[in-house]
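J.: Can you make the complete structure from the sequences, with help from the hints?
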Amino acid sequence: MRRADCLEAIYDELAGCAVVTIMGAVAVELYSLGHRPNFFYLEHAMGLASSMGLGIALSQPERKVVVLDGDGSVLMNLGGLTTLARYAPGNLTHIVFDNQSLLSVGGFPTATATGSDLAGIAHAAGIANASTVTDLEAFRTAAAAAIAGDELTCLVAKVEAVGPKSFHMDLHMLENRFEFQRALRPDPQGAPS
Amino acid sequence: MPVSERHSKLVYDALVAAGVEVVSALPETWLVHLIRLAEDDPERILVRLAKEEEGVGVSAGAHLAGRKAAMLMQNHGLLQSVNGIVSLALLYKIPLLMLISDRGHLGEPDPWQTQGGRATRPILDALGIVTDELRDPAFVQLQVGRGMTLAQASLAPVALLLTRDLMWEVPA
Chain P
1 MRRADCLEAI YDELAGCAVV TIMGAVAVEL YSLGHRPNFF YLEHAMGLAS
51 SMGLGIALSQ PERKVVVLDG DGSVLMNLGG LTTLARYAPG NLTHIVFDNQ
101 SLLSVGGFPT ATATGSDLAG IAHAAGIANA STVTDLEAFR TAAAAAIAGD
151 ELTCLVAKVE AVGPKSFHMD LHMLENRFEF QRALRPDPQG APS
Chain G
1 MPVSERHSKL VYDALVAAGV EVVSALPETW LVHLIRLAED DPERILVRLA
51 KEEEGVGVSA GAHLAGRKAA MLMQNHGLLQ SVNGIVSLAL LYKIPLLMLI
101 SDRGHLGEPD PWQTQGGRAT RPILDALGIV TDELRDPAFV QLQVGRGMTL
151 AQASLAPVAL LLTRDLMWEV PA
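For the protein sequence lines, the chains are P and G, in the order given. The opening residue of the first sequence carries number 1 in the numbering used here; numbering runs sequentially from there. The opening residue of the second sequence carries number 1 in the numbering used here; numbering runs sequentially from there.
Hints listed in this document are in silico derivations from the structure and should not be mistaken for laboratory results. Any given hint could turn out to be false.
[Claimed, not checked] Below are the DMTMM-like pairs computed for lysine to aspartate or glutamate, each with C-alpha atoms no more than 25 Å apart in a straight line: (1) G:K68 to P:D170; (2) G:K93 to P:E151; (3) G:K93 to P:D170; (4) P:K165 to P:E62; (5) G:K68 to P:E62; (6) G:K68 to P:D5; (7) G:K68 to P:E175; (8) G:K93 to P:D5.
Everything numeric in this text was worked out from a predicted model, so none of it was measured.
T.: The following block contains the structure:
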């Protein structure tokens with residue numbers, strides 16, 4: 001299963017959500033499908049995408065929040081899984097693309113390559129709805145159900161360690177940040193209050 | 001416990017007056033009353049962290065979603081959070097109000113708290129973060145309010161150091 005195909009499979013479901021991605025291939029591949037103002041690409045601060053998603057989900061309980069994370073990033077903030085579990089916002093879906101490597105920095109293997117089970121860790125952290133999928137149809141079904149549902153879900157998608165040819169995105173980080181903030185306003189036109 | 005309940009309440013009330021809605025925190029002795037006040041306040045969202053750096057992410061998310069946030073942590077929590085502060089709060093211009101218990105200075109009885117205090121200000125300075133000390137209870141409300149105003153106007157972190165003079169009540 002390829003991450004790019006997974007992203008394409010849920011692209012339509014992301015339309016009304018606040019979407020936070022990690023840096024690297026996840027950001028570029030989502031961007032390449034067609035950028036939207038409700039997509040925020042966290043280009044650094046590895047590990048904190050899920051914490052940002054939690055802050056958004058608790059601040060706007062009516063809005064669906066989707067975090068597109070990766071194994072390397074999650075491994076940097078395993079404690080954050082216990083924080084997600086503790087507050088368990090039903091409007092948050094945590095998708096973890098697990099390619100068992102740090103793809104954009106040389107492809108060195110992460111601990112999931114030697115057996116660490118992120119869905120198992122998430123489940124043991126207290127996220128009852130945590131599972132692993134390995135094929136595209138299962139991913140499509142599980143991700144769509146998680147986004148549509150009202151229970152915190154951690155979905156680990158086992159994907160191939162392949163990425164985009166280029167990591168270039170024609171979108172400055174700050175442009176993305178201000179646009180995203182505006183998109184999260186209750187009035188999406190962003191009329192000054 | 002000689003942590004000042006009265007001054008903790010002053011600090012908490014100042015956060016409320018400054019419009020803080022999301023408080024992320026990791027406990028330490030000086031913060032117990034502050035965190036209990038947040039627990040008992042149904043108007044605030046309290047996020048208990050496993051590690052302080054998460055609070056940078058939570059606060060950034062809250063800010064982008066339209067809510068004012070503050071972090072409560074020890075100065076060792078600041079040390080723990082430095083990458084998040086640099087590569088999220090500073091990089092993405094996030095107004096991050098940090099209330100930091102400044103352990104390790106005059107009167108510090110715990111040997112293990114004595115190293116971090118020396119590093120706290122130099123690190124905040126190195127990061128270019130505007131820092132002020134909360135010492136005199138008479139100015140707490142003003143300083144917290146102004147700290148929030150500056151954070152929001154500059155879209156940058158602001159550190160308010162909670163000093164022993166403020167937080168520790170000398171028994172009469």
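J.: Run every hint past the structure and note whether it holds.
T.: Results of checking the hints against the structure:
no.: 1; hint: G:K68 to P:D170; verdict: 30 Å, violated
no.: 2; hint: G:K93 to P:E151; verdict: 32 Å, violated
no.: 3; hint: G:K93 to P:D170; verdict: 19 Å, holds
no.: 4; hint: P:K165 to P:E62; verdict: 37 Å, violated
no.: 5; hint: G:K68 to P:E62; verdict: 18 Å, holds
no.: 6; hint: G:K68 to P:D5; verdict: 37 Å, violated
no.: 7; hint: G:K68 to P:E175; verdict: 21 Å, holds
no.: 8; hint: G:K93 to P:D5; verdict: 33 Å, violated
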